[in-house]
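Chains A and B, in that order, are what the protein sequence lines are. Start counting the first sequence at 264; every next residue gets the next number (the numbering used here). Start counting the second sequence at 7; every next residue gets the next number (the numbering used here).
Be aware that one or more of the hints could be misleading.
Unchecked claim - Dumping the calculated DSS-like pairs for lysine-lysine here, alpha-carbon to alpha-carbon at most 25 Å: (1) 351(A) x 138(B); (2) 438(A) x 293(B); (3) 373(A) x 293(B).
What the hints assert, rightly or not - Covered stretches of chain B, as calculated for chain A (at least 3 residues, CB under 8 Å): (4) 33 to 41; (5) 348 to 359; (6) 376 to 385.
Unchecked claim - The following label-pair restraints were derived from C-beta to C-beta distances: (7) 254(B) x 411(A): 33 to 39 Å; (8) 411(A) x 73(B): 56 to 62 Å; (9) 280(A) x 9(B): 55 to 61 Å; (10) 414(A) x 203(B): 28 to 34 Å; (11) 298(B) x 571(A): 25 to 31 Å.
Think of the hints as simulated: they come from the structure by calculation, not from any bench. Only a predicted model underlies this, so the values are computations on that prediction, with no experimental measurement involved. For every residue, glycine included, the Cβ atom is placed at its ideal position computed from N, Cα and C.
Residue strings, one per chain:
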Amino acid sequence: MLLSVRDLRMYYKTKMGYVKAVDGISFDLDQGESLGIVGESGCGKTSISMTILRLLPDNAEFKGGSVLFDMGNGPVDLVNLPESEMRKYRWRGISMIFQAAMNSLNPVYKVGDQIIEAIQNHFPDMPLDKARQKVAELFTLVGLDPSRMDQYPHQYSGGMKQRAVIAMALACDPKIIIADEPTTALDVIVQDRILKEIRKIQRKLNMAMIYISHDIAVIAEVSDKIAVMYAGKFVELADAVTIFKQPMHPYTYGLMHAFPSTVGEKTELVTIPGEPPNLLNPPKGCRFAPRCPKADSVCSEVEPEYRELEKNHFVACHHPVQPKEVVRFYAE
Amino acid sequence: MLKFLGKRVLQIVVLLFIYVTVVYWLIEAMPGSFVDQYLLNPKLTPEIRENLKRQFGFDKPAHIRYLIYMKNFLTLDLGISFSYFPTRVTTIIAERLPRTVFLFVTSTLVSYVLGYNLGKRAAWKRSGLLDKTTTFVGIVFWTIFLPLLAIFNIWLFGVILKILPLNQFIDPNLWKSAPLSAQTIFIRLLLTALVFLIVFLIALLISNRLKTIPAKKTVLYTSSITTIVVSIVIWILSGYSTYAWDIIKHMVLPVLTLTLYSFAGSMLVMRDTMLDVIREDYITTAKAKGLPDNVVRDKHAARNALLPLVTNFVISLGFTVGGGIITETMFSWPGIGRAYLEALNTQDTPLLIGLLVFTGIFVLIAHLVADVLYAVLDPRIRY
């Protein structure tokens with residue numbers, strides 16, 4: 264297994280108490296596989312990637328679990344690695360495409376130089392002309408004109424910056440790329456084109472990817488497996504088709520029916536009433552219970568176990584949705 | 007760029023004329039004049055009084071004198087000082103400028119280098135020990151009454167510890183038999199500093215082209231140290247090193263006082279902009295690339311936070327030619343600042359206006375340089 268995350272917990276310490284942003288997350292990722300993590304804003308999606316790469320702010324506290332990462336010489340627990348060792352795994356092992364591509368390029372350096380910087384950091388012996396050649400290849404791969412590598416970020420359009428950021432993420436031939444809302448800032452047409460290209464490159468280079476987005480349409484387009492996240496926890500994880508065809512968690516069910524679809528049979532659009540819980544003080548039992556139409560007294564008392572209900576289909580629910588069952592959400 | 011420069015130079019010329027006019031009329035508006043002390047003297051005959059008035063030009067009305075002043079100003083003639091009659095104002099400035107520039111440029115440089123380094127580190131480890139102490143100490147010195155700090159330093163280092171001279175800029179006993187005037191030594195010291203600065207800048211440009219950090223450091227350090235060693239050796243061989251050392255020894259206390267007083271200004275600017283920059287996404291990206299902590303701090307964060315600091319620095323360099331009235335008085339340093347005070351006390355209008363105009367020219371030029379530097383440092387800015 265390339266990446267194996269087990270019971271990962273990371274809380275932010277605030278004056279009011281701990282914000283439980285990542286609270287017992289487990290998943291596996293194999294070579295060439297792509298995992299999509301979908302969830303509302305503020306449910307802790309980005310915090311997962313920041314915890315894996317250990318790029319957390321000072322008030323973040325690691326509370327347990329393990330991140331086993333195998334670069335070909337046995338699994339290493341990234342959580343316990345000293346900072347100097349961890350640096351070698353960043354970008355070389357796991358790289359990232361950040362949420363705001365517009366701002367992830369330093370405005371005072373040439374785009375090519377920023378990619379070369381990453382390459383030479385991990386391959387100090389690579390001569391400059393070879394590094395430049397590598398950047399030119401990457402530019403061609405992501406559909407940018409290589410002659411633009413000596414330009415500054417402000418001379419790029421939004422879509423071009425996004426492509427440059429993708430090229431940068433590929434620079435050190437990483438095993439895994441985490442794409443955090445890779446296309447949120449772009450218009451729909453550019454968004455679609457870039458997603459297709461990322462997918463193509465991923466297949467070509469046989470890399471593993473983790474997509475993070477609030478947009479289930481984006482996730483559906485690019486992922487083999489989809490994890491649905493709610494209030495710091497995974498509530499459901501299965502392959503993409505199963506998640507769409509037969510969601511077992513009521514929250515997933517609601518999400519799937521909250522988006523209009525242009526294909527397939529007509530279904531009623533669903534809105535999930537209420538708001539996600541405050542992560543400072545989440546509900547005692549199931550965190551979705553206050554909004555769930557199927558919830559009963561057990562749900563608000565006992566936290567449901569995250570278990571494999573069917574093969575490769577993980578759900579954390581006391582009353583999973585059965586096939587053909589119709590769940591009705593009522594607003595107040 | 008050229009078009010921008012042309013426009014700016016034109017603006018500066020217009021601004022300069024407005025500035026000279028304002029300064030002239032402000033000084034003119036002061037009550038009394040240099041010749042009043044003679045005009046009110048009953049022992050002088052009316053003829054002598056008239057003669058005096060004519061000699062100093064006070065027989066003409068103010069607006070005619072203004073026109074004459076402007077005519078002379080166009081030929082870069084700032085007139086003749088009243089109190090140092092018949093020395094030209096430009097001669098007085100030329101004599102005092104090296105002393106002031108040497109003192110104030112040194113302290114500005116030291117306080118900005120200190121401010122940059124402390125501010126950058128303080129922001130990087132926010133609310134750490136360094137952040138708390140430097141901010142506290144910086145603000146204490148920043149708000150302190152400057153003469154008090156000067157007297158305290160003189161008392162501590164000159165009276166109690168007896169390691170530094172109390173005041174003046176040279177030791178008169180030593181210079182009695184000196185083969186050269188202090189002015190010559192001063193100018194030579196300035197030249198040495200200039201050579202060092204040029205070497206340093208060239209080394210900086212070369213090191214920017216180099217790719218690895220050790221190579222950059224080697225180029226910078228070896229060239230700087232070599233220049234320092236070579237210039238010290240030349241000074242010793244020339245036989246004037248005792249005199250140069252005497253001047254430098256006298257400079258330590260004022261430079262220390264000025265640096266303590268002002269480093270917090272640049273430090274807080276650096277710390278503030280750094281705190282903003284640290285939150286930018288490209289800093290997280292740089293960390294995610296696996297770059298070492300100090301590379302992220304210096305190459306990515308500090309480089310972006312540098313811009314406002316550089317502007318402030320260049321403009322305060324412009325102000326250095328004005329010297330400082332308080333500092334120069336406290337340390338009996340015969341520079342431009344003292345000349346201001348003397349000119350004001352004796353109502354030496356030509357000297358006073360001349361000094362203000364001279365400082366103004368430099369500040370305006372500094373603004374222009376800051377504009378150009380901004381474009382060099384930030385590729386997003388193009389004129």
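Cross-check of the supplied hints:
1. This hinted pair does not check out: residue 351(A) and residue 138(B) have alpha carbons roughly 33 Å apart, beyond 25 Å.
2. A C-alpha spacing of about 18 Å is found between residue 438(A) and residue 293(B), which places the hinted pair at or below 25 Å, so the restraint holds.
3. For the given pair, residue 373(A) sits about 18 Å from residue 293(B) by alpha-carbon distance, which is consistent with the 25 Å threshold.
4. Given as covered by chain A, the segment 33 to 41 of chain B fails the check, having 0 residues with a CB less than 8 Å from a CB of that chain where 3 are the minimum.
5. As drawn, the segment 348 to 359 of chain B meets chain A at 0 residues by the rule of a beta-carbon pair under 8 Å; below three, the given contact is violated.
6. Under the rule that three or more residues need a Cβ within less than 8 Å of chain A, the assignment of the segment 376 to 385 of chain B holds, with 3 such residues.
7. In this structure the supplied range 33 to 39 Å is violated for residue 254(B) paired with residue 411(A), their Cβ-Cβ distance being about 52 Å.
8. At about 59 Å, the beta-carbon gap between residue 411(A) and residue 73(B) stays in the expected band of 56 to 62 Å.
9. Against the hinted window of 55 to 61 Å, the Cβ-Cβ separation of residue 280(A) and residue 9(B) comes to about 60 Å, which satisfies the hint.
10. Between residue 414(A) and residue 203(B), the C-beta spacing of about 32 Å keeps the proposed range 28 to 34 Å intact.
11. Between residue 298(B) and residue 571(A) the beta carbons are some 42 Å apart, a value that contradicts the proposed interval 25 to 31 Å.
Consistency with the previously given hints fails for numbers 1, 4, 5, 7, 11, ordered from lowest to highest.
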